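Participant: Sequence:
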Amino acid sequence: WVTGITRPVHIGRTTQVWQIELSNGAGELTCVSRITMAVLAPR
Numbered sequence: 153w154v155t156g157i158t159r160p161v162h163i164g165r166t167t168q169v170w171q172i173e174l175s176n177g178a179g180e181l182t183c184v185s186r187i188t189m190a191v192l193a194p195r
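Counting from 153, one number per residue, gives the positions in the sequence shown under the numbering used here.
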């Protein structure tokens, strides 16, 4: 199994940064990734 934990790094009005940590079945950290997203106003 692979387990993922996502945590917010920055939550702003127009941008958000999230960190994702993936662990294997033994609980060992195997990957750390970050995503930056733009927050757009609804149309």
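Quick caveat, the hints were computed from the structure, so don't treat them as lab data.
It should be emphasised that the depicted structure is a prediction, and the values quoted were computed from it without experimental measurement.
Hints may contain errors.
[Claimed, not checked] Cβ pair distances, simulated, as ranges: (1) A193 to V154: 30 to 40 Å; (2) P160 to L181: 15 to 25 Å; (3) R195 to L174: 32 to 42 Å; (4) R186 to R165: 13 to 23 Å; (5) R195 to W153: 32 to 42 Å; (6) I157 to V191: 33 to 43 Å.
Where a beta carbon is used, it is the ideal one built from N, C-alpha and C, also for glycine.
Participant: List, from low to high, the hint numbers that the structure doesn't satisfy.
Facilitator: Those not satisfied come down to hint 6.
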